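S.K.: Using the hints, put the two standalone chains together into the complex.
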Amino acid sequence: MTDSNIQLDKHGRLKHFLTIEGLDRSLLQDILNYAESFSGVGERAVKKVPLLRGKTIANLFFEPSTRTRTTFELAAKRLSADVLSLNIAYSATKKGESLLDTLRTLEAMHCDMFVVRHADSGAAHFIASHVAPGISVINGGDGRHAHPTQAMLDMFTIRRHKGDFAPLRVAIVGDILHSRVARSEIHALSILGVNEIRVIGPRTLVPKDIQTLGVHVYHDLDAGLHDADVIIVLRLQHERMCSALLPGEAEYFNLYGLTEKRLCLAKPDAIVMHPGPINRGVEIDSQVADGKRSVILQQVSHGIAVRMAVMAMTMGNLSNLDPETIDAHSH
Amino acid sequence: MRTVIKHGRIVDPANKLDKVADLFIEKGRIVGIGKGPVGFTPEQVIEARNRIVCPGLVDLSARLREPGQEYKATIASETAAAASGGITSICCMPDTSPVIDTSAVTELIHQRARLANKAKVYCLGALTSGLEGKTLASMHALKLAGCVGVSNAYADIENTAVLRRALEYAATCNLVVHMFCEDGGLRNDGVIHEGMMSVRMGLPGIPETAETIAVSRVLLLIEQTATKLHFCRISSARSLDMIAQAKQQGLPVTADVAISHLYLTEIDLAEFNSLCHVRPPLRTTRDRDELRKALATGILDAICSDHQPHDEDAKAAPFGLTEPGASTLDVLLSLSLQLVQDKVLDLQTALAVLTIKPAKIAGIDAGHLAQGAAADVCIIDPELAWVAEKETLASAGKNCPFTGWEMTGKVTHTLLDGNIVFGNTS
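Protein chains in written order, with my numbering: chain F, 9 to 339; chain Z, 1229 to 1654.
It is worth saying that the hints were derived from the structure and are not from the lab.
For clarity, every value in this text was computed on a predicted model and none was experimentally measured.
Honestly, I wouldn't trust all of these hints.
[Claimed, not checked] Listed next, with one range per pair, are the computed distances between beta-carbon atoms:
| id | chain 1 | residue 1 | chain 2 | residue 2 | range |
| --- | --- | --- | --- | --- | --- |
| 1 | F | S137 | Z | G1296 | 24 to 34 Å |
| 2 | F | K216 | Z | E1451 | 26 to 36 Å |
| 3 | F | L273 | Z | G1526 | 54 to 64 Å |
Using N, Cα and C, we set each Cβ at its ideal position, and we do this for glycine too.
For reference, chain Z alone in the conformation it holds in the complex (with noise of 0.2 Å):
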């Protein structure tokens, strides 16, 4: 198939372009900005006048739910959700049921995803088997069988003499460790910031050192075992300090954001709203004001959607007994434009930490819109104006704290591999 996406604003952080041009596309693959190959005759023409042309996003954390717990969500539900908000690629947690412990259960995934054919599936695989924090995952069996990084999920590794072995032998398998940092013992029954709302709401805390001493925790030993370290989900300001210095200081870490905590702070936990239940919870407003400008001066690399789809009842309780996340796939990209909007981020930088940083964390060869990369490609409608309605959201989980809100910009084409998965056909 040989596609033009004629008159597209073109941005592309990768390669620092941001220009009016057609891209041109043939056999799943990019083949031409602003002129085709000689002889090129589109058999697909899209038209993307006044529209923002780019790569795909990269999504470093979304929970499919498969396998394990399909009766909240499924591969093929939750890759078409990505879909329509413009990710083509998401890497996948191990804390599905069975454990991404095996090659077996990656090839599972993988072979769901490519039947799915919506978005590109990747998985990082457990660090430590069962993500029990015992004993050492088969991290180079899981490599081979496609897993772009490891990581123990929302598991404590509570001995710091595994997580040592972890993270040395996850070096010697150059393998990333996605790092999810929470002291489980810090953590304890928390269910919620500890500060003032939990002093008003009587939910028990959890305070921001359950953050920062597993972050000092695991930087302390990575200057020591030269493992490539991603922080997921940083939730606060402190974390922040520390995560500069270390970048400072050369140590090869990179770190992530839900866009959950670019928007929703704890004072959204009012009326013990359990759509805003979330892990790492919700903090403070500075906390919030400082992840924002963190995205800016590059202490953070990467927006992640953290899509946790579930099912009505896992939030149909009092606060404590719900489920922790949120579903986000939907809201990803029409939010963190808005911080363009808001001039947190100028739109190179907005992208590019949805497309290409997150890209090179994940170690795979996408976000970008070279000549020869895979044509994934997202087409957005900066001007359109929509509102997040719980009964048009794409996902199987419909527990999305930001329905109600007003957006502005949304994807109207979604292609991989040079296929629309998402928007008209013409």
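With the rest of the complex left out, here is chain F (with noise of 0.2 Å):
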């Protein structure tokens, strides 16, 4: 229900990517079908193409991150485009800025882009709708709210295994109360069509009225598993433990962590996946982490992909452009 239309310009176009909620079905796709092709570049000897040559983003980060942070850096890197990363977790604000004077200070810098992460829920929908027009912004991951880009990485990966989403069910386990990540997967694969979505956790860490966005809720792993293709564990932080909603990590793991044991449940060809950082013996035994089921350092390389596809569309540098002949125009 929050409204996406600030992310499209009047033509329909993505101008910013803040939340998945609310994008059509084609969108998605596009976005899929751009990484696809940009998912080359990587292995090529020069591993760049010039779409955003003379271009300048800025990673602003306002919480710390060094895995979504360096795939944003690479990414535009590949791109061509100049970056600049700013961790104002320890500068700006500590001294009292206010975001908005740090926004206006970097768009006198004349930067195109801004990516953004941020520790309170709105803040790059609230970053989007103050700056100046010819800026675009990136949600890096807002509080509990949308994490978009790796919602769509992990579409990525989703298809390049199975292929079609229609068929498919979907198992999300761990802390969805805290998790953006759960939250912008739900939209992508609800949009993308999947078959069903099951979110597994217990009841302190599964939101009330939850099912309201089209999820079936379990709080028995054993019985969410079952039939499973998809698996995406959730990362556990520590501080849950801290506020009462989690006796301890052990007990967790007892009823939650995925295990070998556990995985038999799913589907014979199920994938593992895992945002990351995992926390080994917490959420997801090493055997499943490191085993054959488990796909978590692809969703990595994939994020690079996907948000060169991101950045590039929401510049504008693809809208005349079909998804097949990027690795042409490139060389």
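M.R.: Quick look at the structure:
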């Protein structure tokens, strides 16, 4: 219900990428198709295409991150853009500067795009609704709200392994309450039309009314894994033990940790995903994380291609381009 | 000054009056309805044909931001806004800075209000010192200084024993306790109603039980303490059930609702609209509908503005970092009249919950037009259509979630003690 109009320009093209909610299937498929074309770039001797040459992209990380920030940085560099990465959590805002002031300062440096990560839900929307007209905003994760590029790289990974979304049963396991990844994945899976989305977790970590998003809720892991095609395991933050949400990590692992034995309940060709970084022995057993069903490391490399696709699309540099021709164009 | 308001439709719920007549005012008091005293020669005539003439509105809660937050608004700016909205009596919450827990602060506010002379301001004193929920405020001294009730505003009283003692002591002082009910632990870091929208937006939720458990805790205590209790800003249908039952039981309880909660719901939070960040949170459509019904059935006794003016910066941040509260003095009356047009309330009831009923809760002689009463009068053009615009709001706080809304019915004149404080003199 969060209106996504602010994300689209008047021709219905992606201007900002803030949330999956409200986008249509063909747009998500475009992202996946472009990402498919870009995925070859990283394997070449010259890992660059000149699509965003001369553009400046600022990574604004108000919250610490390694994986997301570096893959955004790499994606921008492979598109030949100039990249500026700012860990604002440790600089301006600590001095009491307001978010709007920080924004105006960076605008004055003539950036063309902001990639934003922030601890508060709605921060990317706030920034997108206050930036100068020419600037695109990509949400690199806001509070518990959304992490749309992570969701799209997960969709990309699923499509690579499973092809068609329609017959799939997808199980998302763990701390749904605090997870922006889960929220964005639920929207993406539902727009792409999977057969069933399940969320699995203790009642303390599955938000009330989550079924309004069209998911089935399970509190029993074994029941929830039954016949699943895709299992997405979420990271469990250690601080959940301190706020009376869980008694301890060992008990959590006993109830919700993904083990080889439990994996047998899913389809024989089920894949296991995790947005990282993983807590071995907490939400997932090492045998599973490193096992043959795990596609966790592929997710990371797919992240670069998907972020390249989203960056190029929001900057409008792909509007007249057929996804099939990116490779040719770049040579 | 002798004034006559001519040809108006006088609607005075306190006296069950609804007729076209002239209203006569002399030396700040009402001296006649229909016919004036013998030999009355008006010095001022206000033509009110096709207009409603009713008591000035009594608002049980508006933050005026003075003392302490004059950068948001002042007593002068907000009482002027109140006058333009037909409001002549305002209760202000004790969470000013410093807190209203001494006679000095009470007197300062009263003095500033008298100086501005646009509306009468009544203080609610603190229930606990510094609103800290630990020790009792000097309630008797506050009462002597002019406080018309006591409240702990938004601050939770965690220790139930302290709450019980505070309720007992307030009853001893014969003071009404204005209680905002929200369990601090259940609220936790919540900013919006826990439900469909908190799931979607990933904003920490405030469960309905934060309110209902706090309401039931207070209800169980006052069964023992016989304190007169006023529930402030009820937001959920489930609380209404409990309040209805308490009333049936004969407990001395009353309750109000903020005007925003009669129109807005959690759905209005879409796009992280920080203007709809209010406390208590906007809840479901069903809650809103039940709140409307409860005004008609009398479970709720009053509508208040719950006016909370803010500076621009307070709302310019990601949702969870913005300050809660809406600027509503400008729209209280028009939105309440809309409830009449929408057949939720009849005109008598709509005006009763804005005038005589809140006046009784505050224990002030206001909100009616009886002979001898202070001439606090509001004149309304019920047909006048207008659109609330940020630029033309009278309040210093431009954080009104109703800007752009088309409304019908607007105040043309407000009289305070017989003096025109808003509108054209003729």
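S.K.: Against each hint, give a clear statement of whether it holds in the structure.
M.R.: Evaluation of the provided hints:
The supplied range of 24 to 34 Å is met by S137/F and G1296/Z, whose beta-carbon atoms lie about 31 Å from each other. For the pair K216/F and E1451/Z, the supplied restraint of 26 to 36 Å holds, since their beta-carbon distance comes to about 31 Å. Separated by about 57 Å at the C-beta atoms, L273/F and G1526/Z satisfy the suggested range of 54 to 64 Å.
This entry satisfies every hint, going by the numbered hints stated previously.
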